[in-house]
Amino acid sequence: MRTLPQAISELKQIDPDTAFSLRALRRMVATQEIAVFKVGAKKLINFDKLLEILSGANYNEVGCCTSSDKERGT
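In this text, residue positions in the sequence shown follow our numbering: the first is -12, and each later residue adds one.
A hint or two may mislead.
[Claimed, not checked] Straight-line distance between alpha carbons at most 25 Å, and here's what the computed DSS-like set of lysine-lysine pairs gives:
no.	residue 1	residue 2
1	Lys(-1)	Lys36
2	Lys(-1)	Lys30
3	Lys25	Lys36
4	Lys(-1)	Lys25
5	Lys29	Lys(-1)
In short, the hints are calculated from the structure, not lab data.
Computed from a predicted structure; not experimentally measured.
Throw the hints in and build the complete structure from the sequences for me.
Take a look at the structure:
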């Protein structure tokens, strides 16, 4: 479990050239694309789950559309 800034810091250690930002992660939290656990004022995320989502393993599970969905206009 990591705070949002910790998750971004660790992600940048793994991939120094990543374009993924703290703002993007906060947007994922706000749109419930990743689960958050609140501990007091802190918001914690499962870092392994973040990596899984960013790798594209759960592309359809986070509500993104496939190419066939785009063709149908859904």
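Going down the list of hints, with the structure as the test:
1. Lys(-1) to Lys36: OK: lysine -1 and lysine 36 at ~16 Å, within 25 Å.
2. Lys(-1) to Lys30: 19 Å, holds
3. Lys25 to Lys36: 16 Å, holds
4. Lys(-1) to Lys25: Status holds; Cα separation ~23 Å.
5. Lys29 to Lys(-1): 21 Å, holds
In summary, this structure violates none of the numbered hints.
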